[in-house]
Structures are given as C-alpha cells and as structure tokens.
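Chain B: place on chain A using the hints.
2 protein chains.
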Amino acid sequence: LEGKKYSRARDEILKANTVDIAEILEEVIEDIGIEKAIILFRTLPKDVSAEVFAYLPIDDQVAIINGITDREIQHIIDEMDFDDMIDVLEELPANVVDKILEKSTKEERRLINTFLNYPETSAGSLMTPDYISLRKNMTVAEALAHIKSEGMDRETVYTCYIKDEGRKLLGIVSLRTLVVSDDDVVVESLMHEDIIYVNVLDDQEDVSDTFKKYGFLAIPVVDNEKRLVGIITVDDILDVIDEETTEDFQKMAGVAVSTEEYLDMSVWKHVKNRLPWLFVLMCSYIITGSIITSFEAVLSQVIVLVAYLPMLMGTGGNSGSQSATLVIRGMAVGDVDLRDVGKVLWKELRVSFMIGLVLSLLNFIRICWVEGHGPWIALTVCGSMLVIVIAAKTIGSMLPMGAKKVGIDPALMASPMIASLTDMVSVVTYFALATFILGI
Amino acid sequence: LEGKKYSRARDEILKANTVDIAEILEEVIEDIGIEKAIILFRTLPKDVSAEVFAYLPIDDQVAIINGITDREIQHIIDEMDFDDMIDVLEELPANVVDKILEKSTKEERRLINTFLNYPETSAGSLMTPDYISLRKNMTVAEALAHIKSEGMDRETVYTCYIKDEGRKLLGIVSLRTLVVSDDDVVVESLMHEDIIYVNVLDDQEDVSDTFKKYGFLAIPVVDNEKRLVGIITVDDILDVIDEETTEDFQKMAGVAVSTEEYLDMSVWKHVKNRLPWLFVLMCSYIITGSIITSFEAVLSQVIVLVAYLPMLMGTGGNSGSQSATLVIRGMAVGDVDLRDVGKVLWKELRVSFMIGLVLSLLNFIRICWVEGHGPWIALTVCGSMLVIVIAAKTIGSMLPMGAKKVGIDPALMASPMIASLTDMVSVVTYFALATFILGI
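Read top to bottom, the protein sequences are chains A and B.
Residue numbering for the first sequence follows the working numbering, beginning at -1 and increasing consecutively.
Residue numbering for the second sequence follows the working numbering, beginning at -1 and increasing consecutively.
Worth flagging that the hints you see were computed from the coordinates, not collected in a lab.
A couple of the hints might just be wrong.
Any copy will do: because identical chains look the same in the list, a pair fits if it lies in one copy or spans two.
Simulated crosslink set (DSSO-like; lysine-lysine; CA at most 27 Å straight-line) [stated by the list, open to error]:
no.	residue 1	residue 2
1	K224	K13
2	K44	K104
3	K146	K97
4	K104	K224
5	K166	K101
6	K146	K161
7	K97	K211
8	K134	K13
9	K166	K224
10	K34	K97
11	K44	K211
12	K341	K146
13	K101	K44
14	K211	K249
15	K210	K249
16	K249	K402
17	K101	K210
18	K13	K3
19	K341	K402
20	K341	K270
21	K146	K134
22	K211	K101
23	K341	K249
24	K341	K403
25	K13	K210
26	K161	K13
27	K341	K267
28	K166	K13
29	K161	K104
Only chain A is shown next, with the shape it has when bound in the complex:
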C-alpha cells in the first residue's frame, strides 16, 4: 500500500465484507494517515464507499467529509441507507450537516428534519422509511414484481407492509409467505392483521424487549394516530442491546451514562462522569464515621474490635451486592416483577440466614480457637455477622424493587449504593452488640 499501489490495494480489500473494509480503512487512517486513506476511499466503488462510510467511527467520518469534494459527499449520502444517514447526520457537526442538507431536494430535507427531531433513544431515531409497501388487492405475482423493482433500495424486503388510504397499517406479509404462495392469490388473504408494533416515541429499550420477546426481523413503527411512519430492523437492535447493557453496567458502578468509547473520552469527562457518585457515597460515610465516633468509649476499651470491622463491612457489602445484582437483572429480563416482592423477601431471608449462619460458625472457630480471643468477642463478631448478612441481603433485594416502584432505574441501587448503606448497618449492629454482650 505504501508504494502508491492503490488500485491493487483496492482490489485486495474489495474481497472482504464491508464491515471488514471499514476496519481496514480505520487502521490505514491510524497507521498511515488520513490523506492516503482518503485516496484509497475514493478508489472504492460508490455503493461500497457509502456502506463503508456508515461503519466508520464518527471522527474518521468527519475527517473524510472534510477531505472530499461536495459532489462526493452528495454521492455518499445518496447511496446510504436512510437510517444510517440519520445516524451520521445526528453525530456530525452542524456546519457539515448544513453542507449536506443544502444539496438535498426539498422533500428529502423535510423527511431528514423530521427524523432528526425524534429523541435520541426513541424508536423514531432508529427507524427507516425505506420499507416495501404493498396494496391489499395486489396478487402475489404483482407483489413480487413490485418487490423486484424496488427491493434493492429498501432496508428489508422480508417483511412487507399494507396500508389503507389514511396510511394506517392494515397488515403485514412476509416475503416467505409470498414466495411459497401461488401467483394469483390476493395479498389481503395472506396478510397478518394482528400486528405487534411500537410507537415512534417508545424508548429503544422497550423496542429491543419486543424484538427479544417475539424474535422478529423487523417491526413497524406507528405514530399516535396508528399511521405507519417507518420500520426498525433487527440488525439495528443488536447495537441497541449493547448500548443498553453498557448503560446498566455504568449505572451499577456509579458512573454517569455515556455512549462514548472509554479511550476516546477525555480525562476531564471521565472525572466529570465518576466524581458525583463518589462524592455522594463519600458523604454517606460521614454518617458511618460519626456513628463510630459515638461508640469511641467502647472502642478504646476493646481495641481488638477494630480488626474485625473491615470483614463485617466487606462481607455485608458483598452479600448485599449479590442480592441486588440478581434482583436487578431478574427485573431487567422479566423473571422478577414487582408483584413478586413477597416471594423475593422470603427467599432472601432464608438464603441470608443460612449463609450468615455458616460464615458466623467459621468465624467463631477462628476467633475462639485460632486467635484465642475468648467466646464473648467471638459471640459479638458472629452475632453481628449473622445480623449484617441478613440485613444486607434484605436491603440489597428490596431497594432495587422499591426504586422501580417509585420510577427510579433499579440499576442505580447496585453495589456502591448498597455497600454504603450496609456499612452503616454494620457499624451500628457491631458496636451495639459489643456494648450489650461485652457489657461496656
């Protein structure tokens, strides 16, 4: 490639899948430089270059847009799938978007502007208007002829949509059904009328749940008047699922939600995303600290108690996190819902009692026989352990359900939050029990 043999390089990479070509181009940009990458990009056939462009990361897209002519930009935009184009336009700087819109027809501009206005995580932002429309009185032969003429420009041809005069969705028919039916059958007799659809303002998480539940290849998107405005295909949903999972992981770790890649994010943005929760949680430790201060008298008399504090707090935090994670995930995939609160509580109480008992017994043996601190200290630590594990698992399982009940994302009630709360419980339990058992 170095030796300016662009045409040979092009022939070589054209053998690969578009996604892989985009990856190769990304590496060329990084390792050899944007100028040569643009020359290589220009040698690609028009339809391939549009697809490759759609798969590039945003900063490479901007670099390429700035390096090619307006005419070439126009070609790429014309060749791109509508939903990919909207994704690109959403991310590009405003001046570049204007440059592109300026070149479009009035009708295109209207459509683009409508699509750009849907909220970023709504069904509207994922959909494409490029679907196959059939009329209900078409025969199968007519329908197939229609698909033959339009099929190449559509996002999918495998599900076709039948609308009435008012653009209301009447039914859907799969290409499979059309292909296995006889030529003179009328589409109306083949179409499904009990359609599962989503609203244009539905959140993308609900859309992906619908895909998971029914295993569809595409789903129609309607507006509030039930008019068909677009479709969403399953390949776009795979990205959404990844995004939503990342969001859950971020929330559960007490990091602000962001779709930016780890390495691309600036140090300053990383600080901004992580500091707020750390600060909030740190404040909760002021309470824990003042509880300890109020027990200073106990502590100064039996200083050995401090040695067991990290174990009690740590085990409490870990126990609580286990329950919280299981319940949060259970709610996310639909195994657990709010009506199950009694069942969950009863299960956690029994589980935590057994776990607490086992851990307490092990500690009793260790403290009494191995460390030789005598039965009263052992009893204080082990009694606390039992109470703390039960409390932690109760808090860990109930808090996410409570959050969901009042409309807060349960994922926010994960490890860091639960650990802070159980730490308070641990400290109070431990020192209260110490005061009582050791008679200080």
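For chain B alone, kept in the frame of chain A given last:
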C-alpha cells in the same frame, strides 16, 4: 374460561401471537391448574400447539408431556422446528426423551443424537439443519420453485446455501438477490463466495459477536473440514446475548453462573451459588484484620482515626469498581484491547489524581474546620485518600486486563474482588501514613 367454554376461549386466544398464547397458557396453568390448561392446549391446531409448546417454561413442558398421549407428543415433536426440539430435549428428563426418541425414525434419531452431543454453549447447540440448499447451476426460476416447495418447513428462507458434492460450502445467496434478479440468471453468478461462518465448536459468545459485527440474519456453521452442518438465525442470538449478559452480571457480583430463573431456584442452590465467593472474600479480610492488629499501638493512641476508616475503604472500593467496570465492559464490546494497557493506565492515573485531589481537599476542609481535628489528622486522612484513590483505580483497571491476559474471565475481577484488595491497600496506607505524619 372457567365455564368449560374451551372452544370460545381457543378462538379468542388464537387471535394472539404464538408468544402471547404461550404466556396465556402459562397463566392458566398457574391460576386455574394444569388439567384445564391441557384441555385448552389440546384444542389448539397442531402447528400452533407445537410452537406454543416451544415457548413454555421447562416445568410446564414436562407437565404437559405427562398429561397428553404418546401420539400427541409425537405430533408436537414432528411439527416443532429442529433447533427448538433440541432445546426441549436437552432440558427434558431422560425418560421423557427416551419416550420421544423411541417414536422417531432411525435417521431422525441419529441426527438428534448428534445435535444433543454438542456442548451446551457451542454453536452446534444453537444451530438447525433446516436450511435451504440450492445447486450452483440452478436458474433463479428453479431456485424460487425449490424455495416455494420447501420454504414452509425451513428455519429461514432468506439466506440460501450452495454446497459442492463433498458438502463443503461454496457460497450463499439471499432471497432478496434472487427476487430482484431475472428468472434465467444462474445462481452461481449471484452467490457470495467470501463467506463469514462459525465453527460448530465455537462458543456462543463468539457467535453473537459475529452477528453484532456484521448484522446478519443467519450464519452458516461448519465442521473442522469446512462442511456445512447447520445454520444459526438471529432470533436465537437475541436469547444468547441476554444469557451472556446475565452471566457477566453474575460473575461481577461474585455469584456462580446459572441460567435458572431467580424465583425458580431453590434456597439451597442460591446458598451454594453465593457462599463460595463470600467465603473467599471473607478470608481476604483476615489479612486486612491482621494488618489493623499490627497497628494497634497507633490506633489506641489516636482512636479518632477509626472514624475515617470506613470512608477511606469505601471510597477506595467505589473508585476501583468504577474503573474495573468501565474496563471490563470496554473489553467486552471491543473498545479496549490488551494492547491498550499503557493508554488505560495513563488515563486512569490522571483521572484518579484529579478525583483524589478534589475529594482530599473537601475532606481537609471538613476535618480541619467543621470537625476541628487539626491539620495533622486532616493531612493523614487526605494524603491517604489521594494514595488510595490512585491505587484503587490502578488496581481496578489493570486487574481485569491482567486476568484477560492469562485467560481468566475479566468479569471475575469486578467490585467484590477489587474492593477486597483496595481495602488492604487502604488500611496499610492509612496506618503507615498515620505513623509517619503523627509521629507515633
């Protein structure tokens, strides 16, 4: 439904999507009882009942199998998609499986046994042999006629496969391409030959990554001799993605991996899945405890130091979890790979320095002016805070990468593990600094 109006109930529920019918039947089993549910199930048309059966949870499937005649079982198995049947057979008790296999032809039995032998999370366990095979010298018209005759029984007709005499995969062609092409074109000239495929023993996580990367509707599965043995469709991958995400969440919370639903799992099994990690982590706190014991002299002199210990340990754990989660997720979605270790370290060092500095300053003000403990105690706490945050974020980001390097799942290096390690670091730093600054 109560009033034995089964036929009316049937007509009512037949309007719904199969997935929803299965949900209704599940509710009938739970609320009204299995006997009536079986009567209702029997009134369903054969093809619908097979599909509904595939969507039921495993215990309801067993209950129904036990309540219907062998002949009816036979009908259901005959009507089911091959991959659904394998899923069902994998879960059913051995005696029920024998009952079913006994009714199959010799050829079917052979195929079923082969499929049942693939490891549970391999591509082989997900695939179906029900794909459309075309010959390379067929014309488009012949290919479409072939699809018309076989299409209804196949898992998908949207991607068709062309093999040579030795069953090696030559190419694939999409139904879209066939439908938009002229009748007399030969399939060979339309097919793609640079095929992306997976091996029958590949892990399902790799399969789902391939689907995410390329956005396919189906992918061919080949054996070690590159012979086509089956295909996997995207709808089955949606379930795999959910399963893999749940697995990651479980690992990150220190719970043994299980695909059983939270509420279905026995208390005993819950204890068995959670206790081992809690025990391992608890043992790490023995070390933390003995570190504290070795600093007993410091502690007994400045007992107020204990009040800040939970804050330092907690903030360390939270800081470490943030970094660990971001890095683990970054590696899972491919944003971060092992070569980036230097970049990640440099980023975390700068981020943690800034966060540590902010939190230290806030604490300095609080300890000196609000609580009035004087600058030396404040300096001890704040100096420790800075060191702990930096250490926690370094450990939190590096440990998952190190785990990946040596072939351990990075998800195991999440919150609980990181928190235990940072707790040790916190205690050592804090007391060492106290000894030094306070001159004890």
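Now the hints, each set against the structure:
Proximity of K224 to K13 under the C-alpha cut-off of 27 Å is restricted to the inter-copy arrangement: shortest distance 20 Å between copies versus 44 Å within a copy. Within a single copy, K44 and K104 get their C-alpha atoms as close as 24 Å, which meets the 27 Å cut-off; across copies the closest is 53 Å, which misses it. Taking the closest pair of Cα atoms, K146 and K97 never come within 27 Å of each other, the shortest separation being 34 Å inside a single copy and 48 Å across copies. Proximity of K104 to K224 under the C-alpha cut-off of 27 Å is restricted to the intra-copy arrangement: shortest distance 26 Å within a copy versus 52 Å between copies.
Taking CA atoms no more than 27 Å apart as the test, K166 paired with K101 passes in neither setting, with 32 Å inside one copy and 49 Å between copies. For the identical chains of this complex, K146 and K161 are neighbours both inside a copy (19 Å) and across copies (26 Å), given an alpha-carbon limit of 27 Å. In this assembly of identical chains, K97 and K211 lie within 27 Å of each other by CA distance neither inside one copy nor across copies; the values are 42 Å within and 30 Å between. With identical chains, the CA atoms of K134 and K13 are at most 27 Å apart between copies only, with a shortest distance of 20 Å across copies and 41 Å within one.
Within a single copy, K166 and K224 get their C-alpha atoms as close as 6 Å, which meets the 27 Å cut-off; across copies the closest is 48 Å, which misses it. In this assembly of identical chains, K34 and K97 lie within 27 Å of each other by CA distance solely inside one copy; the values are 24 Å within and 66 Å between copies. When the C-alpha separation of K44 and K211 is checked against a cutoff of 27 Å, the pair qualifies only between copies, where the shortest distance is 22 Å, while the shortest distance within a copy is 38 Å. For a Cα distance limit of 27 Å, the shortest separation of K341 from K146 qualifies neither inside one copy, at 56 Å, nor across copies, at 51 Å.
In the homo-oligomer, the alpha carbons of K101 and K44 lie at most 27 Å apart inside one protomer (18 Å), although the nearest pairing across protomers, at 57 Å, exceeds that limit. In the homo-oligomer, the alpha carbons of K211 and K249 lie at most 27 Å apart both inside one protomer (24 Å) and across protomers (25 Å), since each shortest distance falls under that limit. For a Cα distance limit of 27 Å, the shortest separation of K210 from K249 qualifies both inside one copy, at 22 Å, and across copies, at 23 Å. When the C-alpha separation of K249 and K402 is checked against a cutoff of 27 Å, the pair qualifies both within a copy, at 14 Å, and between copies, at 23 Å.
For a Cα distance limit of 27 Å, the shortest separation of K101 from K210 qualifies neither inside one copy, at 39 Å, nor across copies, at 33 Å. For the homomeric pair K13 and K3, the shortest alpha-carbon distance inside one copy (16 Å) is at most 27 Å, but the shortest distance between copies (62 Å) is not. With identical chains, the CA atoms of K341 and K402 are at most 27 Å apart within one copy only, with a shortest distance of 16 Å there and 38 Å across copies. Taking the shortest Cα distances, K341 and K270 sit within 27 Å of each other only across copies (19 Å), while inside one copy they are farther apart (40 Å).
With identical chains, the CA atoms of K146 and K134 are at most 27 Å apart both within one copy (18 Å) and between copies (21 Å). Taking the shortest Cα distances, K211 and K101 never come within 27 Å of each other, neither inside one copy (42 Å) nor across copies (32 Å). In this homomeric assembly, K341 and K249 come within 27 Å of each other (Cα to Cα) both inside a single copy, at 26 Å, and across copies, at 24 Å. Within a single copy, K341 and K403 get their C-alpha atoms as close as 16 Å, which meets the 27 Å cut-off; across copies the closest is 42 Å, which misses it.
For the identical chains of this complex, K13 and K210 are inter-copy neighbours only, at 21 Å across copies versus 33 Å inside a copy, given an alpha-carbon limit of 27 Å. Taking identical chains as interchangeable, the C-alpha atoms of K161 and K13 lie at most 27 Å apart only when they sit on different chains, with a minimum of 20 Å there against 40 Å within one chain. For a Cα distance limit of 27 Å, the shortest separation of K341 from K267 across copies, 16 Å, qualifies, whereas the shortest one inside one copy, 42 Å, does not. Only between protomers do K166 and K13 lie at most 27 Å apart by alpha-carbon distance; the minimum there is 20 Å, versus 43 Å within a single protomer.
For a Cα distance limit of 27 Å, the shortest separation of K161 from K104 inside one copy, 25 Å, qualifies, whereas the shortest one across copies, 49 Å, does not.
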